[in-house]
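*Asks:* What follows is the residue order along each chain.
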Amino acid sequence: MQTISEIRDGLRAKKFSAKEVTQHYLSRIEKFDKQINSFVSVNPRALDEAAQVDATIASGKDLGPLAGVPVAVKDLLCTEGLKTTACSKILANYIPPYDASVVTRLRRAGAVVLGKTSLDEFAMGSSNENSFFGPVKNPWNHDYVPGGSSGGSAAALAAKLAPVAIGTDTGGSIRQPASFCGVFGIKPTYGRVSRYGIISFASSLDQAGPMARSTKDCALVLEAIAGKCKFDSTSSNQSVPAWADSIKQDLKGVRIGLPKEYFSEPIDADVTKVTQDAIAALKARGATTVEVSLPLVKYAVSIYYLIATSEASSNLARYDGVRFGYRSENSPASLDDFYASNRGEAFGAEVKRRIMLGTHALSSGYYDAYYNKAGQVRRLLRDEFIKAFETCDVILSPVATTPAFKIGERISNPLEMYLNDIFTTSTNLAGLPGMSVPVGFSSKGLPIGVQLMAKHFDEQSIFDVSYALEQEFRAGEKVPHGI
Amino acid sequence: MAKTEKLSLETVQKVSHLARLKLSDAELGAIQNQLSAVLENFEQIASVNTEGVRPLVTPTEIAQVLRPDVVEAFDAEKILANAPEKSGHLFKVPPVV
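Read top to bottom, the protein sequences are chains A and B. Okay, so the first sequence: first residue is 1 according to this note's numbering, each after it adds one. Okay, so the second sequence: first residue is 1 according to this note's numbering, each after it adds one.
Don't read these hints as lab results, they were simulated from the structure. It cannot be assumed that every hint is accurate.
[Said to hold, decoys possible] With a cut-off of at most 20 Å between alpha-carbon atoms, the simulated EDC-like pairs for lysine to aspartate or glutamate come out as follows: (1) Lys14(B) to Asp320(A); (2) Lys230(A) to Glu27(B); (3) Lys92(B) to Asp336(A); (4) Lys86(B) to Glu20(A); (5) Lys228(A) to Glu27(B); (6) Lys89(A) to Asp69(B); (7) Lys86(B) to Glu472(A); (8) Lys160(A) to Asp320(A); (9) Lys78(B) to Asp320(A).
[Unchecked claim] Examples of chain A residues toward chain B, derived with CB under 10 Å: (10) Leu415; (11) Asn428; (12) Ile483.
[Claimed, not checked] Pairwise CB distance ranges, derived in the manner of DEER restraints: (13) His481(A) to Ala73(B): 50 to 56 Å; (14) Ala73(B) to Arg28(A): 39 to 45 Å; (15) Gln249(A) to Ala73(B): 50 to 56 Å.
This one's a predicted model, so the numbers in the text were calculated from it and none came from an experiment. Glycine is no exception: its CB is placed at the ideal position from the N, C-alpha and C atoms.
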């Protein structure tokens, strides 16, 4: 009961029931999650939801494509009746009155919501050390971070506490933890997946996406959640292809672009080796490589942090303690004091830092030099990528300059933490799809993935190359010790 | 463009008011240092030639979507369920006048 196909086939052949599949994962969470702290809450109705799938099977009615599949959902997506906290003190007791569209579609496909996974507060972070509920540990080595902000989802997958998970990615938050934890994760093209019901961080950058232990499972989950949504006016009209069934079996004619600016960054030797191994494997399977040039990527982290924090300062203005969320015990001196206390007492340090940066970047006298300028550079950067895709089908790069780092190692230097995002932020800025594929391990036994990017709406090419790497390295089949 | 001076404490205080964030002196000081370092690093974007370039906001092309301006009903009890304090169908806040 490890993959979507295995679960589907097993249910149809009556090898096990949906309840048994869900119970299997609930038991594993109970047994192992105290070691890694990947779940914020477990769905008390999970077994009931699974029982409903069993009833559907018994009645002979059609089963959805994800029937009986337990899904771990990042605690940034609203789940009706089930606490949704964004891993923040300000929403620690918030119970949404509605489901995010992603969750509605998962349920419609027959999936079972297993529980909500931990994240950096409001998706702001690259290590999952910023959660109000404590850091998540990397299952491969508990002294190390799982990455962030979707660290809980990545760690839960690596520890086999769920077969598939949902993450979100604004500047790399699906891809980097996927790489650090040795699992697959894709951020789809901007507009592929509805943002309705996802607690907003940066509206022009956020995308939810699947994380799993295989290319095919990522593709199957993405098929279920993608598509136009009437509640998200930025969602795309593009039809959703049958990605999983269309995965190419060989790479003849596939051109892999290698950005020369990325490969001239200082990169850990193990990451370089794994990346070169991946490139060699793809060439051996029929792909060709071509150097591409993206000079503006050196500004990506700067413009990302100006744009994302500006949008965040606006999106997080709703947390005022009036209609929901934390309210200070102290009597306020004024309305402004009321807001300032509620927010100051309940937002974590990183969130406050980003709200401050974004508010400054948007303020009178600074808007032109910061937010507006960043937006202009963003257009030029996107156009550079579009031009690069004239000569290649998929761009390959490392996901991060290093494997996972130790808990506590980078938390006191925000700039150093932000510079982690050097390979992933361009993807969100340009709206392109990007995936992290597990390939190898560091000399310390920590996973290392590679990043694949493609043209807007060309997730298929990414899945094709991901599948080839999966066949070659089978990295997703390894399991951490003691799990 | 002139090199950014370290953000003044006055600027940081002004920004914290705009953001409606009550910050301690220690927090203000830390943020002053951290944001100065970050902004100094980001200064480099000034050197990109962006003459005549429209800022990009939405990275993929999307069509304007309209719907009829019709109220859809929602359960008031559900909406009030997370209220820190309520009175009937009203959200209660401390007196502000």
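*Asks:* Can you give the numbers of the hints that this structure goes against, from lowest to highest?
*Replies:* 2, 4, 5, 6, 7, 8 and 12
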